[in-house]
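Peer 1: The primary structure of each chain is shown beneath.
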Amino acid sequence: MLPDADAAITRDGKALILAYDHGIEHGPVDFEPNPETADPERVFDLATHDAVTALAVGKGVAEAYYPSYADDVSLLAKLNGTSNLWMGEPDSAVNWSVEYAAELGADAIGFTLYGGSNNEVEMAEEFRDAQEAARDHDMGVVMWSYPRGQGLKNDTDPGTIAYAARLGLELGADIAKVKYPGSPEAIGEAARMAGPTKVVMSGGSKTDDRAFLETVAGAIDGGAKGLAVGRNVFQRENPKEILDALEAVIFEEASVDEALKLTSASAVAND
Amino acid sequence: MLPDADAAITRDGKALILAYDHGIEHGPVDFEPNPETADPERVFDLATHDAVTALAVGKGVAEAYYPSYADDVSLLAKLNGTSNLWMGEPDSAVNWSVEYAAELGADAIGFTLYGGSNNEVEMAEEFRDAQEAARDHDMGVVMWSYPRGQGLKNDTDPGTIAYAARLGLELGADIAKVKYPGSPEAIGEAARMAGPTKVVMSGGSKTDDRAFLETVAGAIDGGAKGLAVGRNVFQRENPKEILDALEAVIFEEASVDEALKLTSASAVAND
Amino acid sequence: MLPDADAAITRDGKALILAYDHGIEHGPVDFEPNPETADPERVFDLATHDAVTALAVGKGVAEAYYPSYADDVSLLAKLNGTSNLWMGEPDSAVNWSVEYAAELGADAIGFTLYGGSNNEVEMAEEFRDAQEAARDHDMGVVMWSYPRGQGLKNDTDPGTIAYAARLGLELGADIAKVKYPGSPEAIGEAARMAGPTKVVMSGGSKTDDRAFLETVAGAIDGGAKGLAVGRNVFQRENPKEILDALEAVIFEEASVDEALKLTSASAVAND
Amino acid sequence: MLPDADAAITRDGKALILAYDHGIEHGPVDFEPNPETADPERVFDLATHDAVTALAVGKGVAEAYYPSYADDVSLLAKLNGTSNLWMGEPDSAVNWSVEYAAELGADAIGFTLYGGSNNEVEMAEEFRDAQEAARDHDMGVVMWSYPRGQGLKNDTDPGTIAYAARLGLELGADIAKVKYPGSPEAIGEAARMAGPTKVVMSGGSKTDDRAFLETVAGAIDGGAKGLAVGRNVFQRENPKEILDALEAVIFEEASVDEALKLTSASAVAND
Amino acid sequence: MLPDADAAITRDGKALILAYDHGIEHGPVDFEPNPETADPERVFDLATHDAVTALAVGKGVAEAYYPSYADDVSLLAKLNGTSNLWMGEPDSAVNWSVEYAAELGADAIGFTLYGGSNNEVEMAEEFRDAQEAARDHDMGVVMWSYPRGQGLKNDTDPGTIAYAARLGLELGADIAKVKYPGSPEAIGEAARMAGPTKVVMSGGSKTDDRAFLETVAGAIDGGAKGLAVGRNVFQRENPKEILDALEAVIFEEASVDEALKLTSASAVAND
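Residue numbers (the UniProt record's numbering), protein chains in the order written: chain A, 1 to 271; chain B, 1 to 271; chain C, 1 to 271; chain D, 1 to 271; chain E, 1 to 271.
To be clear, the hints were calculated from the coordinates, so they are not data collected in a lab.
A few of these clues could be false.
[To be verified] Among the chain C residues that face chain A by a calculated CB cut under 7 Å, a handful are: (1) Ala8; (2) Ile24; (3) Leu85; (4) Asp91; (5) Ala133; (6) His137.
Each residue gets a CB set at the ideal place from its N, CA and C atoms; glycine is no exception.
Only chain A is shown next, with the shape it has when bound in the complex:
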């Protein structure tokens, strides 16, 4: 963790990362609820929203779309990922070199580590190479710290999530993305364990506006420094509204009730 290394993908020390690696990790099934979401352009457009501090995508998507958005979007190069056709112990192919990410103009790198997998040691060493190369290119480092695999019975257990967050600090991540461990207290403890490494919660699968915003607000109150979100934004019919609301909750210390006014019901009223 290098102070200020993540400046290009944070705002006031917090982060709202729009994650769009579902095409590799889950495949087209994630786009079915809203077929337009298969189009990366739609998500790049969303990423120009002021609330979004970085957009996480894979190499091929970045090659095709990022050049047109370089002025308006901060690029978080998600280096590794694997299709869910994979049947082995949790693992993730490194699909993108740091050097090429830098060449394309990435502001930071993202990297998944499956602690507890039989591939943990190999993945940690791949992370080492990526993290140190990122330093050479003055890029921040975000770890998707997801304990998973043989021996992990519950991957959102508070103790496991606290360990996951601490691994982010120990191994050199500036930001650690962890699963939500079920309570503001638990993610707060994870944040305390990560020290200066910022902890952001994963958005998870789509929920309703209030439930989602309350979870995020609680996490921020508890000590989390933001959110990394995909489906809970891009699968919505009015994704910009939820971004408005998230911006209020994460960066402007708004209450959930205030933030909810920025979503559809009140939006209609304001028109």
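Starting from the known structure of chain A, arrange chains B, C, D and E on it as the hints suggest.
Peer 2: The following block gives chains B, C, D and E in isolation, referenced to the frame of chain A:
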């Protein structure tokens, strides 16, 4: 996917790739229906047909024949491949470095990825190296995206093919070659998932002229950007005629009936 | 073992290494007895104590805190380590390159070798690379020589510890950190086997002041050249006092009774 | 396959390779029928015979003897090989780098590929590196194309040998050395499948003069471009005579009867 | 095998290698018969004896002691070795790079190959790298050629030892160290199979003076070019006497009876 990176192996945004890697993948048995087809020179001659936008061959064949055809054929260097003597989980040896392919004058590289194989992670990382090296040499990238191996029950299932096509986009291919998923709608959906990455259908084993052309025409109408074909062309007695017909269907928006006039029956009449 | 290579992390030929890699090796559970100990800053402060000849931490912690302590703390870069979520044969990921450790200003490297593990050969070769790179950067080398894994029934058996210490010498460590083998004679024999490589005992889990100091004093008398300690210092309420006492025992030839006067009871009296 | 790349180890487009890698592949047992044959000098002397277009040996033998024969012998550096103490799936260690072979003055490289072995993919990738390095040094490439291992029931089946020969072409060998598939027709078919890659038959274990020469003559008539032979030459009492006869059959279109006149019976008469 | 490459570690074409890698291979148990033998300095002193043509030690020991003996001892850098805590198939970690050995002033390298182990192929490729790097630094190469592992029933069988010696020649060793195969004839046959590669016998475990000297003298008569010895020298009370005797037998063609006069009984008489 880098816009225009595949310009040297496409025409009007579409591709007709003549594939001739059967000598390594299947061995001499594929040449038995027409023994002359074992001779690469015959296939290089076919590749000079205007309809063909690229010829995909392995290193040894390219070394021996490509220098004589460099002015008339676009070379798609098929980097990996393995004999069917191999009994392990699907895998493919990288038989050709990108650097040497560039030295021989290749216009693009071709690379097989067996998503779902226990070797998927390793193959994806080999693809990464090849894809990025291709960028250094301004070469386009074609992925043979073929989910296969442990856990794959049906490798032409529409959902699987759509995922295969999307992997092409996500991992940085300019063109994704996929198996035909059984209907124009299904390959159209795959094409939509691949976004700017062009989807081309595999020709598969030899069928009769009308059936073959109707499948291709349907795929093009559905959204596919072309065809990668081997046996369905080179095993025919009059392979140039089927190329004439394919050219009409793929590049000239001809109907199947119009295209069929370019094949033997009518050809005889026209002589 | 290169004479004087460890000068930056020893004092009068002896070492008191404060080890703080628990966040990766054991996770937050090690901070529970004293929640403040999760904060690396607290441990860096402790490491400014005159008694401490080096502080062993991982890359991420060093990135965040070492720059502020570079004048007052000698940095021992603990290069490898793995979470205890790992269920495989003992292994340790190399999380930090020697080059980057040198860039951050490290004075020496630390490296775990699990002799007897099915990963011993691979770990020894990783140690080779690290040890030789350390020589290029004029850094000392400390081996955590911990026989462990298939076939090891008792990892504190005197014969095993003597072998562990000798491996330190043979493979090129300047200091070998070994588990305490149960008696001053046994650690003395380990020290004799290590020859010019200094043997330091591991502090192990927390014990009371007298028991701890007597073990350390006995080890020093037996021939050990110091101590590498974590929980037995940082989990205490008054860690500076135990450092005062350890300094007396290790560097000043004080008796345990004299040293104990520097801890709480007498400290209170001195106030 | 690069036209003319094998010029230094062929004569009139044909090859007679004297192979002497038995010391590694089989061990001293192959020298027992004629103990003098253990002495490499004896075989280097044989290799000065006009009939021999190249001598295939391993690195250690080349280091010791080739400098004295560099003017009279063409060196085929056999890069890989493994003792028959090996009990695993067929594999072959790469014992010699192309760079060092070039430094010692080698004219070409030889490389074994066990198609069908569980090590096929790895061996093919090692072959790639060697083949491309050979091109950098203007050396020809000979593949010992020997399908073997799990799943191969009959390694001299005509179809298998034809596939083996084709793999030579596809992967970039200038010459493919294959087992004799039992008939002139079968080796002719293999030669046709290899196209411009020259197919040479393996000499196999020692047989009598007439049987051996008839097999070779038939293979040449069938389309093979020569022979790679070891025991069938060096185990004979008068190995130069059989080389005279082979030269007649391979390079001078002599009949077997004519060639046989050059061996012992008539040789005695001519003295 | 490169003529004269071993000149720095031989004398009149013969070698007496003092081997002291027991600390890694067997551990402290080998020093128990004579506890002083744990001290490398004692062995370096022995190595200054005229009889000793090279001292084989590991990296750590060389770092610590060789600089003081560089004028009087020829250093044979034993590159690989593994503790006997290892429970897997025979393998040996490469603990020392050739480059660093050269930097420390080594005259030659030593490398163990376990032919027949499931790790044979990997070890042979590591040997290749080491052997070729040694050539770059003008260092001789000694192979500890020890068939071992799955499938080896008797690792001192004459045929196995002859094969082991031949592998030394084939793979590029200047000297092959083999187990004593039980008779002067058998080691002579091994020497004949190794051709110009010198065969030296391993000293094995400690035996009495006459038995040991008779075995060595027989081996030399049979064709061996010397001895690599550890325990049979350094475990003795008067190791210099046995070196006197070995010098007589190996380099001065003395009889065993003459040589025995140089050991204790007569030494006492001569005082």
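Peer 1: With reference to the structure, classify each hint as holding or not holding.
Peer 2: Verification of the hints:
1. The interface hint given for alanine 8 of chain C is broken, as the beta carbon of that residue sits about 23 Å from the closest beta carbon of chain A, more than 7 Å.
2. The interface hint given for isoleucine 24 of chain C holds, since its Cβ lies 4 Å from the closest Cβ of chain A, which is under the 7 Å cut-off.
3. Residue-level restraint check for leucine 85 of chain C holds (minimum Cβ-Cβ distance to chain A is 3 Å; threshold 7 Å).
4. Hint status for aspartate 91 of chain C: holds, given a least beta-carbon distance of 5 Å to chain A, under 7 Å.
5. Restraint check, alanine 133 of chain C versus chain A: the minimum CB separation of about 13 Å is more than 7 Å; hint violated.
6. Of the supplied interface hints, the one on histidine 137 of chain C is violated, with its beta-carbon coming no nearer than about 15 Å to a beta-carbon of chain A, more than 7 Å.
The earlier numbered hints that this structure contradicts are 1, 5, 6.
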